[in-house]
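This is what each chain is made of:
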Amino acid sequence: MMAVTAARRRATGSSTALHGLMAVGGIIMVLFLVAHMYGNLKVFSGQAAFDGYSAYLRTILEPLLPYAGALWILRVILLLSVGAHILAAFVLWHRARAATGGRGGYRYLSTANRRGVQRSYASFTMRWGGITIALFVIYHLLHLTVNVIAPGGASESPYTRMVNGFSIWWVVLSYAVALAALGLHLRHGIFSALASLGANTSTTTRRRYNQAAVLVTAVLLIGFLVPPLCILAGWVGP
Amino acid sequence: MKITLRIWRQPDRDAAGAMATYEVDGISPDMSFLEMLDVLNEELALAGGDPVAFDHDCREGICGMCSLVINGLAHGPEALTTACQLYMRHFTDGQVIDVEPWRATPFPVLKDLVVDRGALDRIVAAGGYISAPTGAAPEAHSVPVPRKDAERAFDAAACIGCGACVAACPNGSASLFLGAKITHLGALPQGQPERDARALAMVEQHDAEGFGGCSQIGECTAVCPAGIPLDMISQLNHDVLAALPRGKDQRG
Amino acid sequence: MNGYYAGGDPLVDTKDPGGPLTERWDKRRFEAKLVNPANRRKRTVIIIGTGLAGGSAAATLGEAGYQLKVFCYQDSARRAHSIAAQGGINAAKDYRNDGDSVQRLFYDTVKGGDYRSRESNVYRLAQVSAAIIDQAVAQGVPFAREYGGLLDTRSFGGVQVSRTFYARGQTGQQLLLGAYQALERQVAAGTVELNTRHEMLELIVIDGKARGVVVRDMVTGAFETHLADAVVLASGGYGNAYHLSTNAMGCNVSATWRAHRKGAYFANPCYTQIHPTCIPVSGEHQSKLTLMSESLRNDGRIWVPAVAGDTRDPALIPEAERDYYLERTYPAFGNLVPRDVASRAAKQQCDAGRGVGPGGLGVYLDFKDAIKRLGRETIEEKYGNLFDMYAKITDEDPYSTPMRIYPAIHYTMGGLWVDYDLESTVPGLFVIGEANFSDHGANRLGASALMQGLADGYFVLPGTIGDYLATNPLPAGIDATHPAVLEAEAAVRERTARLLAVNGSRTVDSFHRELGSILWEYCGMERNEEGLTKAIGLIRELREAFWADVKVTGVNEELNQSLERAGRVADFFELAELMCIDALHRRESCGAHFRTESRTPEGEALRIDEEYSHVAAWEFAGDGAPPILHREHLGFEHIKVQARSYK
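Chains B, X and H, in that order, give the protein sequences. Residue numbering for the first sequence is 851 to 1088, as defined by our numbering. Residue numbering for the second sequence is 4 to 255, as defined by our numbering. Residue numbering for the third sequence is 33 to 679, as defined by our numbering.
Just so you know, the hints here were simulated from the structure itself, not pulled from any lab data. In this text, all values refer to a predicted model and were calculated from it rather than measured experimentally. Wrong hints could be hidden among the right ones.
Below, a list of computed lysine-lysine pairs in the DSSO-like style, where the Cα atoms sit at most 27 Å apart [as the list claims (entries may be wrong)]:
| no. | chain 1 | residue 1 | chain 2 | residue 2 |
| --- | --- | --- | --- | --- |
| 1 | H | K424 | H | K679 |
| 2 | H | K65 | H | K47 |
| 3 | H | K414 | H | K400 |
| 4 | H | K59 | X | K5 |
| 5 | H | K672 | X | K5 |
| 6 | H | K59 | X | K151 |
| 7 | H | K241 | H | K59 |
| 8 | H | K47 | H | K672 |
| 9 | H | K47 | H | K143 |
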C-alpha cells in the first residue's frame, strides 16, 4: 500500500522511463533534422531564396510573436530535447556500467564472439557516436549559427557563410565524418526510440521500423551531404 | 575428441577468481556439454582436485538452471538451445573452449560457474502474478480468451527464467525477462486489473536490483533458449509508460 | 520371507470419513477443526519442495494466513522438476460433452492403477480436478484454446474421453509458473519465507510429532534447524535411484527417506513407472534420459528387425523383414497399448537381440507411413517440436530415418504412506504430490501427475492440515535447544563428516551408476524372485563399498556438489534395498510391477487380488534390521475389479 507510492515514484526514474524520455528527445531532434535538411536544400535555389528562408524563420507568426520568437520557442524545445536526451543517456550509461562491472559487452574474458551474436555495428556506436555528434554540433553552431569560427570568411549572409565554409575540403570532411556518426546513431536510434516508446509490437513491426530507420537515415544523410559536396565541387557558388 | 577447457574458477563469493586450463580427452560427440563437464569433474575428483561447480538440473532445457557462457556466448553457439541441450558435436576436436559464469552485478558468483539469480525471483515477487486466491477462481470458461491472445501469452510465458538475456546484454539488463512476464500476464483478460500496478512494481524492482536499461540491441533474444522476441521489451516499455501518468494504483 | 522383512500389524485407520463416496470429502472438511483466522499467523508450517504440490500448498496456506517456511534445493522455486511435464493435466470438466464425469475419471484412475489405490482418495482427486483448471486459468496459465476463446482439450494416454488440458508441450511448466507466481506473491506479502539452495537432511520429531527439519545451506554448508507446528514433504519421487531416469539431476529421496527413518512408513516403493518413449542411452557418459511425448505413438509405428543382429540401415530393411511387434501381439490396441505393456515388449525385443542403435537398446518408432498418409506438413504441425528435440539430441532426422526409442524410469507411484488427510504415520508430517503413494495405485495414467500434485497442494492439504494445526500446536518452550533438535542436528553433522572422511578411490557418480544398473536390471520392467534376491545382495555389497571407498571432495563449509550427491546416493542405497524387498514380497504382477512368475498363459500380467489387494507400507526397523511390513487392505465397493486386457 505504501510501497505503491514508492514504486510509482521510482518507476518515474526507471531506466524504462528514461529510455522513453531519451526517445522523445531523439525523435524531436530527428524532426528538426528533417526541417534543417529541407532548409539546406534551399541552397540550390540561390542566395536570395536561401537567405530569405533564413529571414522567414525569424518572422514566423509575426506579429503574434516578436521577431525570432517562434524560432526561439523551437530552439528552447530543441535545447530541452537535447538536454533530456543527453542527461538520460548519461544516467543510463552509468547504470549499464554499474550492472556490468564497468565493462559492458566486454565483461567476458573469452575473446571469442566479442561482437555478440547479431548486434549491429550501429548499436556499438551509440554512446561514443552521440558524444561525437554533440561535439560536432557545438562546432557547427559556432561556425554557421553564431559565426564565431569562420573558415573561409565570415558573412552576414547565411548563404555566403555556408558557401565559404564548404568550399574548404577539410570542413566538408569534418562534416562528412559527423554525418557518418549521425548515420549510425540514427540507424539504431530511430528504431530504438520507437521500441522504447512501446511501438515495436511484433516481428513484422520490428522489421518495418528497422527499414524505416534505414530509410530516414539514408534520406537525411544524402540530403545533408549533397549541398556541401556540390559547393566543394563548385556547382553552387557565390 | 580432445578438448581444452578454460574455466572460471572462484572458490566463493568473496574470493578472487581466475581462468584455469584443463584438458579432457575421450569426449564423444554425442555427449552434451554438461556431460563433458561431468567427465572433467570425475577426473578432477579422482586426481584429488576440486570439481568445477556449475548449476544444472533438468538437463532437458526447461528448468532454466544451467547458466554457462561458452566462448563468450550465453548458453553457447547454438540458437534456441540451453547449455544442457548443447552437444559436443558442435565443437571440433582440439578446440579451446572458454567457460564463464553469467556476469552481471545483480548475479554475484557463488562458486566457479554458479551465480545467484535471486534478483529474478524478487522481480516476480514484486508483481509478476495475477492475484487469485485459491478457491476464489471463477469457472474457467466464464472468461473466453481469444486464441491470438492466449498464444501471445504462451509465447511470453515460455521464458525459462535462466537469465541468459542478462548475461548477454551489454547493459546488463533483465528487460527481456521482465518484458516476457509483463507480456504474458498483460495479454490475458485475467491480467488486466493489475496491469498498471504490475508493470510499475516490476520495473521498479528490476531497477532496484541493479539491472541496466534496454537499448534495443537484441543480444538477449539472440541467446534466449525460449525464443522470447524483442517486441516483448517494447510491450514492457508500452505498459510502463502508459501506467506512469495514470492515477492511483489499483493494487493500493 | 527369508528374513528380508518382518510382518507387522495391518494398517487399519486411514481416517477415511466413510459414508457415501460422493460426500466423504465434504464430510471430512466439515468435521475438521478450523484455526481461527486471527490465530493462523501464529502457526508455522514447513514445506519441503516447491514443485506443483509444494508450491501450490505454500501459496494457498500463505494466502490463508499461516506462516510458511519453504525450502528447495534449486536456486529458484520455479525450477522444480514439475516444470518438465509435457503432456497435460486431466480434469473432469466434460467440456466436450463426451460422457466424462467425476465418476468416470475416478473409474479410469482406479482401473489405470490396476486396482491398487484407495477408492476414497481417488474419488476426491476426481472431485477437485475441475477446480484446478479454474484456479490455473484465474492465475493466467495460458492453456491451449479454441478459436472461440474456450479451452481446448485432448484425449491422452488411451482414455476414451477428451479431458486433458494442455499448454502446448509445456503444461507442467505453465502450471508450475502459476503456482510459483502465487508463491512469490506470498513471499512479498510476508507469509512465506522462501529458502532456496537449502536441502532437507533430517526430520525433527518431538514427542512423537513432526516439529521441524534440519537443512543444509548449500552455499555456505551451514546446518540450520527450523521448527514449526507441522511439516509437509513435497519433495517428489525417487526415480533417480535408477541413476538414469527422466527426472532432473537433483531429484532425490533424501527428504522422504529421512522421514521414513524417523517413523514414516514407505508405501509400495516397487511401483515405478517406466515410460516407453524415451531417447535411448548413447553411451557410458549418459547423465539423464529425455522423454519424448507419448502422443508420438498415435502416428508412429514401432518395429524391430525380424532377425536378431540385423544392423543394416533401417531404410535398407524391407517391410517383410520388419517386425511390428506391438501391432502383431496386440491387434486391438497396436502401438497404443499402455505404457507398461509397451515398455516390457520393447525390453523383450532387445533382450532377444533385435534391439537397434548403440548397445542394441532401442526400437524404431517409424513415421514413414504417417508421413505418406498425412503428409509431412501435418506431421510437422503435430510433432514438430518433438522432432526438433530428437534431432538436437541424436543428430538424426526423424523425418527421414525412424526414431530410436527405449523405455526409461519416469515416475514413482510409491512414496510415503499417508492417510485420507495426507498425513503420514508420524503425526504432523504431511506428504503431498509424487512424494506420497496416494492416488495412482500400481500405475499412473498420463496427465494425472499434474492433477494430483495440484489437487494435493491447492485443495486437499489446505482442507486437512488445519485440523491438525488447530489441535496440535507446537508446545510453548520448545526451541532449538530441545534435545531432539540437538540430536537431529548432531546426526546430520556426524553423517556429513563420515561421508567426507572416507576419502576413497571411487566417485559418487560411479557408485550411483552401478546402483542404477542393478535396479534397472533386477527391479526394472520385469522382476522375479531370483533377480530380486540377487539384487538385494548386490546392493548391500555396493553400499558397503560406498561407505568404505567413496571419494567426496572438498569440505562441508562450501558449495560442494560432490557432498550433496553423496548424501543423496547414500539414501538411494537404502531405498533401493527396500524397493527390491517390496518387489519381492509382491508375488503378483500389477500395473507397472511385473513379476515373471505371475503371468497368464499368454504371458500377460496376472494380478492376484486374493493375496495382494493391499498397500504395502514399510516401517523402518533400524539399520540392518529387516523392515516391517504393514498391510492396508484395499476394498472396492464402487468399482468392479477386472483384469486388464489389451489383446
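Quick rundown of the hints versus the structure:
no. : hint            : in the structure
1   : H:K424 / H:K679 : 36 Å, violated
2   : H:K65 / H:K47   : 14 Å, holds
3   : H:K414 / H:K400 : 15 Å, holds
4   : H:K59 / X:K5    : 66 Å, violated
5   : H:K672 / X:K5   : 62 Å, violated
6   : H:K59 / X:K151  : 43 Å, violated
7   : H:K241 / H:K59  : 26 Å, holds
8   : H:K47 / H:K672  : 23 Å, holds
9   : H:K47 / H:K143  : 23 Å, holds
Hints 1, 4, 5, 6, counting from the list given before, are not met by this structure.
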